[in-house]
Every structure is written in C-alpha cells, then in structure tokens.
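Peer 1: Chain residues, written in single-letter form:
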Amino acid sequence: MFEYNDERHEYKFDGVILPSVTQVLPKVDFHCSAEVLEAARVEGVDNHSKIKMYLDTGENFDDAYIVAFQKFIFNNTDTLGRLKSYEQNLYSVKHKFAGCPDIVFENAIIDVKRNIYDARQHALQLAGYSILCSENQIAKNKIWLIAYHDGIDFKFKNVYNEYAETIFLELVRKWYIDKNVETYFNNF
Amino acid sequence: MKEKSEKRKYTKKTNNKSDLKKIIRSGETLPEVIKEKKEIELNGSLNVNPQALIRIALEKNVAIDVLEKLLSMRERLQSEQAEIEFRESMSGFQSACPVITKQKEVYGKDGKVRYRYAPLDDIVKQIRPLFEQYGLSYDIDTQITTNPPGISVTVQVCHKLGHSKKTTFQVPVDKDSYMSEPQKWASAQTFAKRYAFCNGFGILTGDDDDDTVILVKASEPPRSPQERTADIPDIPTEEERRANALAKLQALPENIKEGFKILGYTAQAAWMFSEKFAWGHGRIMKEINIIIDMKAAKNV
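Those protein sequences? They're chains A and B, same order as listed. Position 181 (the first sequence) corresponds to 181 in my numbering; numbering is contiguous. Position 210 (the second sequence) corresponds to 210 in my numbering; numbering is contiguous.
Please note that the accuracy of each hint is not assured.
Claimed, not checked - Partner residues aside, some chain A positions facing chain B, computed with beta carbon under 7 Å:
#1 S33
#2 E35
#3 L37
#4 E43
#5 D46
#6 S49
#7 K50
#8 L55
#9 D56
#10 F61
Claimed, not checked - Here are the simulated EDC-like cross-link-like pairs (lysine to aspartate or glutamate), alpha carbons at most 20 Å apart as the crow flies:
#11 A:K157 x A:E106
#12 B:K295 x A:E106
#13 B:K261 x A:E182
#14 B:K261 x A:E87
#15 B:K298 x A:E87
#16 B:K276 x A:D62
What the hints assert, rightly or not - From the derived model, a few chain B residues whose C-beta atoms are all more than 10 Å from chain A:
#17 N49
#18 K60
#19 I127
#20 L130
#21 P149
#22 S187
#23 K193
#24 E240
#25 N244
#26 A247
#27 L252
Because the hints were derived from the structure by calculation, they are not lab data. Positions of the beta carbon are idealized from the N, C-alpha and C atoms, including for glycine.
Using the sequences provided together with the hints, build the complete structure.
Peer 2: Listed below in structure tokens is the structure:
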C-alpha cells in the first residue's frame, strides 16, 4: 500500500520509504546565500500554490502570475491537449519510486520553475514523471516542458531527451545501491 | 633689532596658531613672510590666505615639510569653508523646497484608493531647479544586506565645493508579502531610495489637498528639517501589510483554515482566495468544499 507523509515529504510502499523523483537526481550546487535560496524556495511554493488554485477554480484572481499562466495555457491548448492531472502523487510499482508532476496534459508534462538552468537536469526530472505517467496510464508523450515566468509572460522550453528515461532509471538503481551500502556500514 | 621686533609682534599675533608658529620658527623664510604680511590676515577666526603662504613658500624654496604643513592647512581651511557653504545651501534649499505632493495612488482590491505616495521621479522633478540654484547634487548607492535580507540605500548629498553628507535607509525584504520575489526586492529598493532621499535633503511629502496644509503651516513657526522629516506621512510598510493580512487569515474560522490546509494552499494563495470571495466565510467554505469534492470524485 502506498502512502505519502505531507509533513516529511516522504513516500512509502508497504512501510518502506521510496525515493522521490527529485531525490534521485544528481545534486546541483547553487552558488548563492542560504537566505536567497530560502527566498527562492518560498517563492516556488507560493507559485505552485497559485497555479494549483487556478486549476482548482478556473479563476485567475487578478494575479499577474496566474493571468500569465492562464494566457500560456489558452495560447497552447492545441499543443497541450486535455488536462489530465496536476499535483497528483504517483507511484511506480515496477521501479519503486514516486513523484508529483506539476501538471500533466494529454500531450505534455509541465514542470513550473523560476527559470531554466540546465536542460539536461530538467530532462532527467521530467523523465521520472514521464515514467510515472506512463505506468499509471495517465499519458505517454514526448513533450516535456519547463515553464517559467519571466516577469511578464510565461515562457517554456521542451527538454525532451530520448536517453533521459534510461538514465533516470539508472539513477533510481543508484539510489537503492547507495542506500544498501549505507545500511551495510551502519549495521556492520 | 627691527627683525627681532617684527618676529615678536608676529609671534604674538599667532599665539594660538601652532602651525604658523612652527613655520615661523623654521627660520630662514621669516623676513620674507613678514614682508608679505599684507597678504596674510591673521585674527581670532583664523582668516588666513593659505594660497598666498604657499606661493611665498614656493618662491623661497622652503623645506618640504613646511610646504606639506601649508598644503595641509589649506586643505583643512577649504574643507571647513565647504562645510559652511554646504550648510548654508542646505538651509536655503530646505526653505525654498515645496511640500511635495503625493499624486501616485495605490488601489486596493475593492478599487478604492488605499493610500497615496510621491514616487522618487516626481520628487526629483519638483525640486530639480533648486539643485542648480543651491549648488547641490546627489549620488545614490544601493546595497543588498543579508542579515536581515534587504536593501540598504545610501544617498550622498553633495555640494559644489566638495562637502557631502551621507544618509542611509535600510529596508528588510518582506518574505511574506503578496508579491513575486523580484517585486518584493524592487519594492524594498524603491521604498528605501525614496526615504533615504527625503531624509538626506530634509524633504517633506504631503497630501495632495495641500491647501489646508499650507494654511496651517502659515500660522506655525518654521520648523527644523528634522521635525519636517519626522512628519513624513505614514505609508503602510510591507511589514504592516503582512501583519494585517496574516491577522486577517488567522481570524478565519478553523474549518476554513483546515480546508486551505487540505487543498495545500500557502498563506498567499489562501489570502487571494479569501479576497476573491470578499472574506465571506460561508462562500469561502462552499468553494473549498466544491474543490475537495471535485478532487475526491476524480480520485475515485
């Protein structure tokens, strides 16, 4: 049985902790102060909450960020297809990991970020979500969009990479190897 | 004998002026200095023409340390003079400076004017002619502070003779305000710049219905720049706005707060949601229930 602990951001399957998509990704060094990083995190959480609220209600709340996102969705309806899910926890029984893609459309998976820093890294994250969506029969597509607000409009970039899913699954395996090694040393 | 007499006379006059005494004691240039004394005025207020002293010293090839002392004295006197001129100019500027009208309106979600303020552009536009008249200029330096995260703005008011005065105003960035991150930083910067600038020049910003203000002021004695600065009308700070908004959210019934928690809305989103439904508890709860039911139906 799958469960998610909201406070600890922890996924479990039959009581065993599962790695999340972001946990298995290679770590990225941010060259900025802890305060700036924390401010960015808070802003990211707020922005996701606003988008969730928009998708929940269909209202833009006269907020510039939501209005820009609404415009982005309206302008790309044909490309994106129907909305399938958003902020929904998904689990992979086959590969033993979990994650929560921001928004899944019929033809595209969207991850909302503050900006694009490394398309290869983003591709790995969206590869994880793609595997989850495919296994849970939500969608199977090759449009992996990173969407970000440039202060006025939403911009997006397709970071799809044909090798990313394979590499992502290697990272999942690595996570389990690292965990086993750690357990071995801790229990020696 | 005559020379000794002149020396005594001169030394007596410069009794409290150690620099000059040292120059005189250095010896060799003394007679020439005395000859040129028409160009040198010494009195209780140290009214010296240092340029003349330096000229004489250069002509007579005095020792370098003497020359250095003269240059140092000239520098100090010029600096003192520049400060005096600066204060006179600032005094004139502040007397001539009008009460800046606050014309920029900020509207609330209900469409009503919440408050007015004078943007820095407007302030500068209204007082620019006075800068030239009083020989003043300014320089603005902005720095990011880390503890607490915020903006520190230093305005340096400069006078044409070289004297300047710095005024710093620091504003923390309000992490919890309902703005995007760049907006929060920009807001703090604009706010700090405006207040640092007004404090630096002793500028008063007033309401746009300034007829009343002028009438009242006419019957009052003139006030110091400090008093005028203290009178800058209260604009709700980001801190106050955040506190008000959080207090409003805290006052919501528990079931609504629980609803927002279930939906995973942050305080900012919850505030926007409540604002949308005019803070009507029944309406907010109804909307929350619709969303929760809709999500539950999808999961089924």
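Peer 1: Does each hint fit the structure? Answer for all of them.
Peer 2: To see whether the hints hold, each was checked on the structure:
With 7 Å as the threshold, the beta carbon of S33 (chain A) comes within range of chain B, its nearest partner Cβ sitting at about 6 Å, so the hint holds. Nearest Cβ of chain B to the Cβ of E35 (chain A): about 5 Å, under the 7 Å cut. The hint holds. Here the hint on L37 (chain A) is broken, as its CB sits about 11 Å from the closest CB of chain B, past 7 Å. The restraint placing E43 (chain A) at the interface with chain B holds, with a minimum CB-CB distance near 4 Å, inside the 7 Å limit.
Against a cut-off of 7 Å between C-beta atoms, the interface hint on D46 (chain A) holds, since the closest Cβ of chain B lies about 5 Å away. Nearest Cβ of chain B to the Cβ of S49 (chain A): about 4 Å, under the 7 Å cut. The hint holds. The interface hint given for K50 (chain A) is met, as the beta carbon of that residue sits about 6 Å from the closest beta carbon of chain B, less than 7 Å. Taking 7 Å as the C-beta cut-off, the interface hint given for L55 (chain A) is violated, the closest approach to chain B being about 10 Å.
Of the supplied interface hints, the one on D56 (chain A) holds, with its beta-carbon coming within about 5 Å of a beta-carbon of chain B, less than 7 Å. Annotation: F61 (chain A) was flagged as interfacial toward chain B, and the flag holds, the nearest CB pair being 5 Å apart, inside 7 Å. For the suggested pair K157 (chain A) and E106 (chain A), the alpha carbons sit about 17 Å apart, so the restraint of at most 20 Å is met. Taking the CA atoms of K295 (chain B) and E106 (chain A), the gap is near 18 Å; set against the 20 Å cutoff, the hint holds.
Taking the CA atoms of K261 (chain B) and E182 (chain A), the gap is near 36 Å; set against the 20 Å cutoff, the hint is violated. For the proposed pair K261 (chain B) and E87 (chain A), the alpha carbon gap of about 14 Å is at most 20 Å, so the pair holds. Pair hint K298 (chain B) plus E87 (chain A) holds up; C-alpha atoms about 13 Å apart against a cutoff of 20 Å. Proximity of K276 (chain B) to D62 (chain A) is assessed by CA-CA distance (about 9 Å); at most 20 Å being required, the pair is judged to hold.
The claim that N49 (chain B) is not at the interface with chain A holds, since no C-beta of that chain comes within 10 Å of its own (minimum 55 Å). Even its closest Cβ contact with chain A, about 61 Å, leaves K60 (chain B) beyond 10 Å, as expected for a residue assigned away from the interface. Distance check on I127 (chain B): its Cβ is at least 31 Å (rounded) from any Cβ of chain A, clearing the 10 Å threshold; non-interface status holds. In this structure L130 (chain B) is separated from chain A by more than 10 Å, as the shortest Cβ-Cβ distance comes to about 36 Å.
Consistency note on P149 (chain B): stated as away from chain A, yet its beta-carbon is not over 10 Å from all of that chain's, at 5 Å minimum. Under the 10 Å C-beta cut-off, the non-interface status given to S187 (chain B) relative to chain A holds; the minimum distance is some 14 Å. Every beta carbon of chain A lies more than 10 Å from that of K193 (chain B), the smallest distance being close to 20 Å; the non-interface claim holds. Taking the minimum C-beta to C-beta distance to chain A, about 20 Å, the non-interface status of E240 (chain B) holds against the 10 Å cut.
Under the 10 Å C-beta cut-off, the non-interface status given to N244 (chain B) relative to chain A holds; the minimum distance is some 18 Å. Against the 10 Å criterion, A247 (chain B) stays outside the reach of chain A, whose nearest CB is about 19 Å from its own CB. For L252 (chain B), the requirement that its beta carbon stay farther than 10 Å from each beta carbon of chain A is met, with the minimum near 16 Å.
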